[in-house]
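Let the sequences and hints guide you as you build the complete structure.
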Amino acid sequence: MLRLTLTNLLNHLLPAPCLMCGLASADFQLLCPECDAALPRLNREPFLCRCCALPLTSDAALCGKCLQKPPAFRQSSIAFRYEHPLDHLIHQFKYRRQLSSGKLLARLLAETCRHSERPDFLVPVPIHWRKRWQRGFNQSELMAYWVGKHLEIPVLSACRQEHYHHSQKGLSRAQRLKNLRQSFSIKPANSLTIQAAKIALIDDVVTTTATARTLSELLLKAGAKQVDIWALARTPDH
Numbered sequence: 001m002l003r004l005t006l007t008n009l010l011n012h013l014l015p016a017p018c019l020m021c022g023l024a025s026a027d028f029q030l031l032c033p034e035c036d037a038a039l040p041r042l043n044r045e046p047f048l049c050r051c052c053a054l055p056l057t058s059d060a061a062l063c064g065k066c067l068q069k070p071p072a073f074r075q076s077s078i079a080f081r082y083e084h085p086l087d088h089l090i091h092q093f094k095y096r097r098q099l100s101s102g103k104l105l106a107r108l109l110a111e112t113c114r115h116s117e118r119p120d121f122l123v124p125v126p127i128h129w130r131k132r133w134q135r136g137f138n139q140s141e142l143m144a145y146w147v148g149k150h151l152e153i154p155v156l157s158a159c160r161q162e163h164y165h166h167s168q169k170g171l172s173r174a175q176r177l178k179n180l181r182q183s184f185s186i187k188p189a190n191s192l193t194i195q196a197a198k199i200a201l202i203d204d205v206v207t208t209t210a211t212a213r214t215l216s217e218l219l220l221k222a223g224a225k226q227v228d229i230w231a232l233a234r235t236p237d238h
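Residue numbers 1 to 238, in UniProt numbering, belong to the letters of the sequence shown in order.
It is possible that some hints are incorrect.
What follows is a list of derived Cβ distance ranges for each label pair [what the hints assert, rightly or not]:
no.: 1; residue 1: D87; residue 2: E34; range: 15 to 23 Å
no.: 2; residue 1: R96; residue 2: P33; range: 19 to 27 Å
no.: 3; residue 1: G136; residue 2: P85; range: 21 to 29 Å
no.: 4; residue 1: H84; residue 2: T57; range: 18 to 26 Å
Below are the DSBU-like pairs computed for lysine-lysine, each with C-alpha atoms no more than 35 Å apart in a straight line [to be verified]:
no.: 5; residue 1: K198; residue 2: K69
no.: 6; residue 1: K198; residue 2: K221
no.: 7; residue 1: K94; residue 2: K187
no.: 8; residue 1: K94; residue 2: K149
no.: 9; residue 1: K187; residue 2: K225
no.: 10; residue 1: K69; residue 2: K94
no.: 11; residue 1: K131; residue 2: K221
no.: 12; residue 1: K198; residue 2: K94
no.: 13; residue 1: K198; residue 2: K187
no.: 14; residue 1: K225; residue 2: K198
no.: 15; residue 1: K187; residue 2: K65
no.: 16; residue 1: K221; residue 2: K65
no.: 17; residue 1: K131; residue 2: K187
no.: 18; residue 1: K103; residue 2: K65
no.: 19; residue 1: K149; residue 2: K65
no.: 20; residue 1: K131; residue 2: K103
no.: 21; residue 1: K103; residue 2: K198
Derived by calculation from the structure, the hints in this document are not laboratory data. All of these numbers come straight from a predicted model, not from anything done at the bench. The beta carbon of each residue, even a glycine, is placed where N, CA and C say it ideally should be.
Written as structure tokens, this is what we have:
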């Protein structure tokens, strides 16, 4: 109670500026009400693929890709469309090291996933050690720990990326799958822990589902009971 009282007092005396518009108010929680309302939430979409959460133009149960080749993961809980202004917050977090944006995004993802089926573990999408060294952190790993703290779910960094790839941005799903094939492995120390476990794979942006497909197949082959995808944003299929 004392900590909450002190926090509320500090928020009133020293209000933090909104991370998007920069305006300050004692009621702001890193994002002002107007900017929060401007975020492109997926739950506003009339139709979504039940498996990968791709926005659709009709009430079909599945998108064409999930219908033709069903992924190993069961379903996806994704908070936003990857478009402005959400992309600005992700960019500030990943490339400008603005951890306050990352903590805000983690809270928003936790709110989205709060009513999803509870997994046994949150498993972050791994990045190669070279990319981690260049960036200074793995954004999916930080997201997983923050979401796990909000929802009281343990985090298990069960996977690793064996081979370094340059940015996958702009590649087709087939090209991404080719790059990712045999790129990931299960850490030996975690092989027993994931046996029969329900896992939520944590990622920042789902674009072609190539990474989600590859890792979910790997986890299920290693003995996981089921894999769901929890992600911040879904790239629309143009």
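Structure-based check of all given hints:
1. D87 x E34: 15 to 23 Å: With a Cβ separation near 18 Å, D87 and E34 satisfy 15 to 23 Å, so the hint holds.
2. R96 x P33: 19 to 27 Å: Roughly 24 Å apart at Cβ, these two residues keep to the hinted range, so it holds.
3. G136 x P85: 21 to 29 Å: Between G136 and P85, where Cβ atoms are some 24 Å apart, the hint holds.
4. H84 x T57: 18 to 26 Å: About 21 Å separates the Cβ atoms of H84 and T57, which means 18 to 26 Å holds.
5. K198 x K69: At roughly 22 Å apart (the allowed maximum being 35 Å), K69 and K198 satisfy the hint.
6. K198 x K221: 13 Å, holds
7. K94 x K187: 25 Å, holds
8. K94 x K149: 20 Å, holds
9. K187 x K225: 17 Å, holds
10. K69 x K94: 31 Å, holds
11. K131 x K221: 26 Å, holds
12. K198 x K94: Within the cut-off at roughly 28 Å; holds.
13. K198 x K187: 17 Å, holds
14. K225 x K198: Holds, at roughly 5 Å.
15. K187 x K65: At roughly 30 Å apart (the allowed maximum being 35 Å), K65 and K187 satisfy the hint.
16. K221 x K65: 22 Å, holds
17. K131 x K187: Status holds; Cα separation ~18 Å.
18. K103 x K65: 32 Å, holds
19. K149 x K65: 34 Å, holds
20. K131 x K103: 21 Å, holds
21. K103 x K198: Status holds; Cα separation ~25 Å.
Every hint from the earlier list agrees with this structure, and none is contradicted.
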